[in-house]
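Produce the entire structure from the sequences given, and follow the hints as far as they go.
Position one of the sequence shown corresponds to residue 1 (this note's numbering), numbered consecutively onward.
If a hint is listed, it holds; no wrong ones were tucked in.
Straight line, CA to CA, 16 Å or less: simulated EDC-like cross-link-like pairs of lysine to aspartate or glutamate:
#1 Lys4 / Glu116
#2 Lys4 / Glu93
#3 Lys36 / Asp83
#4 Lys36 / Glu93
#5 Lys46 / Asp76
#6 Lys46 / Asp102
#7 Lys36 / Glu82
#8 Lys36 / Glu116
Between beta-carbon pairs, the in silico distance windows are:
#9 Val136 / Pro86: 18 to 24 Å
#10 Pro117 / Phe81: 16 to 22 Å
#11 Pro117 / Trp41: 17 to 23 Å
#12 Trp41 / Pro106: 17 to 23 Å
#13 Pro106 / Gln129: 33 to 39 Å
Since the hints were made in silico from the structure, they are not lab data.
From the three backbone atoms N, C-alpha and C, an ideal C-beta is built for every residue, glycine too.
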Amino acid sequence: MLFKAEITAPVNTVADIAQGRPTYATPLRLRVYPGKVTRVWFGFPKGCFGLAHLMVAHQGVQAWPWSPLESFHWNDYMFTFEDSFPLTAQPFEFVLHAWSYDDFYPHTLTFMCFVEPAKRELSPEQMRQVYADLGVSPTGGL
Numbered sequence: 001m002l003f004k005a006e007i008t009a010p011v012n013t014v015a016d017i018a019q020g021r022p023t024y025a026t027p028l029r030l031r032v033y034p035g036k037v038t039r040v041w042f043g044f045p046k047g048c049f050g051l052a053h054l055m056v057a058h059q060g061v062q063a064w065p066w067s068p069l070e071s072f073h074w075n076d077y078m079f080t081f082e083d084s085f086p087l088t089a090q091p092f093e094f095v096l097h098a099w100s101y102d103d104f105y106p107h108t109l110t111f112m113c114f115v116e117p118a119k120r121e122l123s124p125e126q127m128r129q130v131y132a133d134l135g136v137s138p139t140g141g142l
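Given below as structure tokens:
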């Protein structure tokens, strides 16, 4: 299943990553299903000029980019790669952190991930709980 989130990196947000004291805009939570992330995408619109940054965490630990204290930042580019990131324990969510050194324009960045569902069979009650956690109906409605 493909999950997508867009987060805005406001003007002049600071991330003092090097000192280990990051200050971001309000983080965005993206709920996902249990399973394994097999592909991720990071999108940066035209006009970012490398000033808007994006980092994704899972359970309080940086997931992408893999290098600690790093971030992705580009201009007019959709970066994608395969991965094998397990999602086996709750909370089944990613937390997106964005910031921008641009002093004039905010930038909306895109994160997408493809989650291969868990192989094991879930009981009907477990499936209902997954749907409830995501805030969706098994029939596709909200």
